[in-house]
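Based on the provided sequences and hints, a complete structural model is requested.
Listed here are the chains, written in short residue letters.
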Amino acid sequence: MRRFLPILLVQTAIILLLYPLALLFGLPLARRDMQDLRKWEKETIVAAPVNNAEATNELSFARTPQNGILIKDGQVLNWEYQQNGDTVSLTQAPATPLVSWSQRLEPAGQPNIYSFGKSIAKLDYNRAVYVGNKLMLEGATPAKERSDGERRNFSFGKATGPVLVANRVLSEGRDYQLDGRGVVLSQAPAFGSSVRRLNADYAVLDANAGTIIFAELPRGEVRAAASALRFAELLSGPTDGQNRLFAFEHTNLVQSDNNRQVFVDNNALSDKAERPQERVDGQRQVFTFEGSKGIVTVDDKALSAEQDYRRDGPSVTFIRVPARNAKLRQYPDFFVADPAQGKILLAQAPTPGSSVWSSRYTVYSQPSCGSTALECFYALPQQPVPFPHWIVARILPFFQKFPLGDERNVIRATLYTTFGTLAALALGGAIGIVLAVLFVLLRPLERALLPWVIASQTVPIIALVPVLLLVLGNFGITIQTSLLPTAIIGAYIAFFPVVVGTVKGLRSVDPLALDLMKSYAATPLQVFIKLRFPAAAPFFFTSLKLGTAAALVGALVAETESNNRRGLGFQILGQVQSGNVADVWILLIISGLLGIGLVALIGSLERLSAPWGRR
Amino acid sequence: MKPIWTAVIAAGLALLGLFGPFSTANTDSALAKLGTPFLLLGLAGLVLAISGRFRAAMLLVPTGLLGAFLALQKLMTQGADGAWGYWTIFWAYLLMAMSGIGRISLSESSPAASTFEKRLKGLLPPVFIPFFFLLIWQGLVSGYQVPKGIFPGVNDTWTALGSSGRVLLQDSYVTFIKEVLFGFVLGLGAGLLTGIAIAYSIFLQRGFLPLAAAFGAVPIVGLAPVLGRAFGVDWESKAAVVVIVTFFPVVLNTVQGLTLIEPLKLELLKAYAAKPWEVFLKLRLPNSLPYLFNALKLAAVISVISVIVAEFLIPGPPEGLGQRISLSARRGAYDIVFAAIIVSSTISIVFYGLLSVLERRLTAWHASFREEP
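Note that the protein sequences, when read in sequence, are chains A and B.
When you read off a place in the first sequence, starting at 1, and then add 107, the result is the number in my numbering.
Position 99 of the second sequence, counted from 1, bears residue number 80 in my numbering, the numbering being contiguous throughout.
Be aware that one or more of the hints could be misleading.
Label-pair distances were calculated between CB atoms; the ranges are [to be verified]:
#1 G60/B with L632/A: 42 to 52 Å
#2 T119/A with A178/B: 13 to 23 Å
#3 G710/A with L343/B: 29 to 39 Å
#4 L262/B with Y126/A: 32 to 42 Å
#5 L545/A with I(-10)/B: 13 to 23 Å
#6 D406/A with L343/B: 54 to 64 Å
#7 A178/B with E150/A: 45 to 55 Å
#8 G130/B with I122/A: 42 to 52 Å
Everything labelled a hint here was simulated from the structure, so no lab data went into it.
Backbone N, C-alpha and C fix where the C-beta goes; we use that ideal spot for every residue, glycine too.
Here you go:
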């Protein structure tokens, strides 16, 4: 107890230390993920249709911008209204119906599935579905986990509706069970198939077939609207005839947004960018664009006319020659000047009193990994240092991943590496002993070769592994069929400590004993067998233990360079490449235990064959 | 003086080989290819071997190396596999040189022998061994016409060293200064502090030491990809590998050096009423230096290998010797691989040598440096 308690305590301390360490290494990565806009969720802000199709004076919308404008069919309605928070009150009864209907949706087999009867892609983009007069909201949350063909646990955040796999609706109990905040499917979905869960009133089930699924059985007529009254967002910025800079309500605009719709009154602004007809070669000063008006930008910076360039119809003369391969563009209508602040620059200042509005634009709404660094740390696809309990949780599945018959099974891999290491150790030990005996017998040989033995260890053997495999392959020896390549590579590293240790041991003979042997006229062979070898045994075993670690490293390195899918080295590389850090740690622990086990094996061998070496 | 029999046999074989075919390119005999001077060289070797004197043995070495070198050079101009005539001559001359070295280093030096002779005995073998390696290497490659893409010869490697020397030097800067040296110093510092802490704490000695020893058996290479994940693929992760491989030997040896002290010395200092820091500075620290240097020399060699393995396993920006080797090997440029290996070995030998010199300076008093009886 007194012996093991400190070890246990220190071990626990080290394991506990892994927790802050995991955060120390993981949080910067998590923060980087959070700040990387490409990894943010995108949200399309759409002018939402009116909630209630019945004509009343009090209107509400699924989404209400702070400052809005009533539109229908892309036209501004000049109805008078007052906006009070989320409700819009018309001062007069609406002149036209709020919604013009397009078609009725027919039930499609299952109770809450309805069909448009044609592909969703052929419908109007701004599709709105009403049950009775009530607007239905669309939405499905994709699973946080990706379906890899094996996974059966999925989580969807706060979504609670039906679970959809590809174009299929799952039924609770038969196809899945609830498990805390997530679900466990009875059957793993195929690799790459989409797993979703409804978080609103309905979701598109099969876009090609034009089917949608409702979260609850719709009570009433299911109709789609051809157009509906919408409350579009009014961009902020004074329309005084001078100002050209306008801001969206939501920020972090997605710059290359194909669906952005910006209007000045009833005129849609074009989102397109024109490229110059000439190459930007760093010398040319005059460039020709398609149109003869618009904002000219260099590398996403708007230039100001007269100050930076002069325009003559479609040809633009830059005062400063644009650098080679600079990004030259002309935006005929508007240009996203500051995506982070949600600001756009119009080519022409709108006339006083006109309104600048948008019915659809896309923003980066929030980091997809979570809202705090800690959440993002949990969501990292691979934490550099995993929490210890994650490693523990992975142990059983990892061992069960492949059946014993498969050569990728961990136990088989461990055995393969063990044999490789032992072969390397045997070869390295033999070479080491022979060299050591030669060195002791022939002093000059030692003087000549020892520097080169040391130098040999400075050669990075891993670099020679491909060459060695090639050369051995010429003789028909491949790493697929033979342990010899592994043994040679391991032996190359392992023989060094054996030589050094054994030479020291063979020389550590008591001079008195040597004299005694001499006086009995012992032959050199007798001296070796009776005196030098016993004296060297403890040194030999100690150095062999050092060699074991080296041989293991050699075997692992050789396995990483081979492609025979066998051994721990191959496994480590494979798990690194597929990013299973916890599995890498398990493999490291296994190889560490293997190393410790082999050292212990040598130790017991020593106790059996040379018990005098132990104090 | 007895003749040097092995050298006599070697000279005989060298002469015999002259009458065999030289290369597979044509049926010309070796004599016709190499010319009469070669006959004289062989005869000279025979005479020297039979005379067997110390000076003669000394001349045998350059004679043998010269013979092997000239035969090899001739074969390289032929551009064909060597035939038995070539092989006999080549190996015979190498044997001749080897016998010369053997005789010089094995002869019992008489008390009357000059210091020059003694010094020569010590110096000759280590100086000439590399020539043997280089000759055998090139001899095999040229003799079997091994293509450069499989195993480059000495000449290919030399050319590669010349043509890509600049790049290799830049790579060495990254590998050795940025990665190895930085990691080494950091690992040494951390290891020393930890070692001192362990040496002064019985609890840590009991708890940490067995674990640290066990860590020695953990293959650090496997950790490289994990560190790459943690520190990024640039040089920092490779330096981290060096820190770890340096840390454990330093800790183990520091603890040993600080604690394995003759009790008598401790008692003496106690009798002089030495303060604890005096005991540390005057006894424990000097006592630990030999152990520490052992660890450092070991770590110097391992860290270079580990860093190159790490560069293999953490592909980052294409700089550093390991990356160079990995990239060159992938496109079959093994001459550059070998050149990079030579550069890396040379630098680590220098590194090792510097540590040895420093060790000799700082621990000259230690038993291991005393003259052997």
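Now for the hints, and whether the structure bears them out:
| no. | hint | verdict |
| --- | --- | --- |
| 1 | G60/B with L632/A: 42 to 52 Å | holds (50 Å) |
| 2 | T119/A with A178/B: 13 to 23 Å | holds (18 Å) |
| 3 | G710/A with L343/B: 29 to 39 Å | holds (34 Å) |
| 4 | L262/B with Y126/A: 32 to 42 Å | holds (38 Å) |
| 5 | L545/A with I(-10)/B: 13 to 23 Å | holds (22 Å) |
| 6 | D406/A with L343/B: 54 to 64 Å | holds (59 Å) |
| 7 | A178/B with E150/A: 45 to 55 Å | holds (54 Å) |
| 8 | G130/B with I122/A: 42 to 52 Å | holds (49 Å) |
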